[in-house]
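A.B. asks: What follows is each chain in one-letter form.
There are 2 protein chains.
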Amino acid sequence: MYRTNTCGELRLNHVGQKVTLAGWVQRSRKMGGMTFVDLRDRYGITQLVFNQETDADLCDKANKLGREYVIQVTGTVTERSSKNTNLPTGEIEIIAENLVVLHTAETPPFTIEDESDGGDDIRMQYRYLDLRRSVVRRNLELRHKMAFEVRRYLDELNFLEVETPVLIKSTPEGARDFVVPSRMNPGEFYALPQSPQTLKQLLMVSGFDRYFQIVKCFRDEDLRADRQPEFTQIDCEMSFVEQEDVLNIFEGMIKHLFKKIRGIEFNEPFLRMTWADAMKYYGSDKPDMRFGMKFVEMKDLTEGHNFVVFDSAEYVGGICAEGCATYTRKQLDELTEFVKRPQIGAKGLVYVRFDENGTPKSSVDKFYSADDLKKWGERFGAKPGDLLLILAGPAMKTRKALCELRLEMGSRLGLRDKDTFAPLWVIDFPLFEWDEETQRFYAMHHPFTSPKAEDIPLLDSDTGAVRANAYDMVINGVELGGGSIRIHDSELQDHMFRLLGFTEEQALDQFGFLINAFKYGAPPHGGLAFGLDRLVSMFAGLDSIRDCIAFPKNNSGRDVMLNAPSVLAESQLEELCIKVNPKN
Amino acid sequence: MYRTNTCGELRLNHVGQKVTLAGWVQRSRKMGGMTFVDLRDRYGITQLVFNQETDADLCDKANKLGREYVIQVTGTVTERSSKNTNLPTGEIEIIAENLVVLHTAETPPFTIEDESDGGDDIRMQYRYLDLRRSVVRRNLELRHKMAFEVRRYLDELNFLEVETPVLIKSTPEGARDFVVPSRMNPGEFYALPQSPQTLKQLLMVSGFDRYFQIVKCFRDEDLRADRQPEFTQIDCEMSFVEQEDVLNIFEGMIKHLFKKIRGIEFNEPFLRMTWADAMKYYGSDKPDMRFGMKFVEMKDLTEGHNFVVFDSAEYVGGICAEGCATYTRKQLDELTEFVKRPQIGAKGLVYVRFDENGTPKSSVDKFYSADDLKKWGERFGAKPGDLLLILAGPAMKTRKALCELRLEMGSRLGLRDKDTFAPLWVIDFPLFEWDEETQRFYAMHHPFTSPKAEDIPLLDSDTGAVRANAYDMVINGVELGGGSIRIHDSELQDHMFRLLGFTEEQALDQFGFLINAFKYGAPPHGGLAFGLDRLVSMFAGLDSIRDCIAFPKNNSGRDVMLNAPSVLAESQLEELCIKVNPKN
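From first to last, the protein sequence lines are chains P and W.
Counting from 4, one number per residue, gives the positions in the first sequence under my numbering.
Counting from 4, one number per residue, gives the positions in the second sequence under my numbering.
It cannot be assumed that every hint is accurate.
One copy or two, it doesn't matter: identical chains are merged, so the pair holds either way.
As the list claims (entries may be wrong) - List time: in silico DSS-like cross-link candidates among lysine-lysine, alpha-carbon distance up to 25 Å:
1) K219 / K148
2) K378 / K364
3) K263 / K148
4) K400 / K283
5) K64 / K522
6) K297 / K67
No lab work stands behind these hints: they were computed from the structure.
In isolation and in its complexed conformation, chain P is listed as follows (with noise of 0.2 Å):
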């Protein structure tokens, strides 16, 4: 046994207990004859001392620990007379009266501390060491919290967790697949799935009911931020349901990880908004709604007043930000630059001040009277002291530069807090994506997803404003999931085929397995699928997924602390009959 006790157990009523500890030594200081040594494990940090008066030898040896030695110590717990109240171990210290060395360690290349001075990229290379500090190491105790009582929460409900192949087929549809060469089938290739989702379909067919998994899914993408070319998802499907069920089931889930994770209640149902609500008020399909300034229309307001800029423009809209009348001139110039940035692309910015009086003051006093301002004021509801914020220009661009807006003003006025969440339901999606590059619909979440009954006539007729039974789940502007009703019928699964463009040899080639299996008798089905890596980012507060991944890749797709991808030996590659075919 190396050790009785954890670092982070022991309190007052273990006073006088003989115990052994290990870990390492997170710092130590002398003072007045004695030597403090903090020592941490995963569990917490007890404070060890060792006396030069009562045991010179035992007190040299502790001065020669360097931080992050590993040792084990011996001795007795007592009372500490200087209380450290920051520390649920601080009531005590052990008095030492055994030290053994378990293993040395270099000066680490950064600080081990919450607040560390290392980069980033010293942080990746040495991820073993940041991983030991207990702001990192926490969001993976969190992940392996959350993943357990999804799991918890799933197995009361009946639902199976079934592990579908890593090793499948590639399908050229969708995103880049990651491949693996055979080598007892040359020529051919494995491809890592992007998700299980035609699995789990067949196993809706084979009467599962209820599945799920929490698996690792591969997309070979160009990497930002928040995506990993490996990531985790909660993956669901059901049987015999309709959306309804599915939100249900799933909003309970959310539900659950709220309460059981973060301590919070959410008696009402989520909030609810269609695809196409969300777009015309919140210019995006995953807003934030933690706080308001809903998009408000005004063209008809603007009209004929000889301002070109809105008589021009295809949409007039904006935002009103309660008690920014404020705003200087700077403020408002920011802002302006804001919504001019190329990314975002506006022409410009119009504003309206509303004094204490509701006096308006405007950008475009010069094409539009008080009175005019006024009843742009009514139509958004403004108040003394409030500041609306106008864009123009083509519907869709604009709107989008005005989410941006918003978004930006809801940081600024601290209504994006980290620990308020304002979880939503996005309904009633598109069932298809028109591409112009291409001149051909594409299918907006996948070829599998059931257009909205009412809407089957329009799906010849106005392919585009067909509906789908599809839906995501939005917390704070970010998407955690999403999913669908699936086409559990042959003939609209075909006639959905034939306007992606499918030739029925294609569907046959990429997806005849399920077809086929449809042959046998399925049932109505549907699920989503959340990621797991943004739902612990959410509920850990983090920026970045990677903060909540052992060992994430950096932007180009490396694990530079494995310095991975790697090349291969000659030998290993004429096995799997496969060649290096530089680019030139």
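Given the coordinates of chain P, work out where chain W should sit on it, guided by the hints.
C.D. replies: For chain W alone, coordinates are given in the frame of chain P:
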């Protein structure tokens, strides 16, 4: 809502309720103006009744239902006149009032019954139909339950489930890696993990203290019935532990599973046996302890009787088969043929029968007197009516042959019951294995396994004799898991690499990240991994791990249902900077 209840839950106390069920038509039969349909879902089977007299249209519709049609039925729960005691729902039936066909079905290529008429190949191709059979689905339900109980047990003990990456670095040591070309790093490859061994050790260096993960692992090896290219491990690691701590925790886990899943309580500690004893007494490092027949060595007893076969043999030994003196000439000939099969390779079989009076009769009466044979009997502890089966030859080979003979006799005597479980820890494995072909030592477990402290002085002088802190859990002759206490001392690790023939450069190239990590303070640590597929197979009483895997691959590594692996588009290969390079 597609249903108010499942097909497994209605009982007498529901009589009179109006219900809606949905599921698959298991079978239907007409009898005296009535049509009876067995409706199946994951939860059970419920009988539906359609009455020609009361509703002819509905009954006609029911008569058109084929097997495996997916239907929805509304009706009233009624007590059955002729009850079926084999079904939990056998006391009731549903008098149907409405019937909706949700999906028709073609005739399945094999019957969806517990005893199917489908061969292995067709059932693999139509795996989604095979999974409808409750005997197959129950294995996956068991798998779900076992994985959940493992998580529950380990979570209680403060183990954290940490996901380690699937895209890692290839290491030439060990089995063949599956590799993944990196598009973003042309010419370089990731490898899929054969196990998260080094990553879990890094987590110990990070202070995670107790780690586990139920995780997919990959080995590109030729396949057998109990091997799949992708398999699932329960992977575990602990810090500040000795071998005893690890054995206790995981013996507890296996006991927990037996109790929760099979209702079997083991009140005694599991048997432990050194590897040396296992080889000596059972000729195997994974002896089946459901029965005795321990090997008895008798070279000394047989010498000097001019029986050249024994006199020239390095090893003479046998087993005592209780009550088998009645074995006929034909049965003994069968056993002789059995041991002479090429894969076993014994030259012949010597037997001694002890009749009801204890009088011996043997195949070597010419060389040994009745008194000699009685002395043999004494050493074996043979009783009247017992049969000795004796082999001779080179020690290692003969023990292995005797092991096969012992298992065969165990099977013949019905001593290998699938519902009896005999767990065993095999301990003190050798640290190294000598390979004749390459004339070097290999790590029996892996290069991070620690030698027993008392054997460290032998590392250079008697390398092959060094025992490891390594252990396997064996149940009923199947190795379910194994692990070791790791080396956490850099000097000892260097020594180990040297003995394994690594240059310093090679060691750094392959394991540099681990070697470097240790420099910053590594705790003593150790762990193990269980094969989940094997564990579930054992609990389910299956002969092959395939039946507890939802979508297994065949012996050529193919998923015949998905038709994977498959050929990629030329453009896909180009983007990955690789080319297929056919062997000549």
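A.B. asks: With reference to the structure, classify each hint as holding or not holding.
C.D. replies: Each hint, compared with the structure:
no.	hint	in the structure
1	K219 / K148	both (18 Å within a copy, 20 Å between copies)
2	K378 / K364	within (13 Å within a copy, 117 Å between copies)
3	K263 / K148	both (9 Å within a copy, 22 Å between copies)
4	K400 / K283	within (12 Å within a copy, 79 Å between copies)
5	K64 / K522	between (76 Å within a copy, 20 Å between copies)
6	K297 / K67	neither (63 Å within a copy, 56 Å between copies)
Of the numbered hints given earlier, the model fails hint 6 alone.
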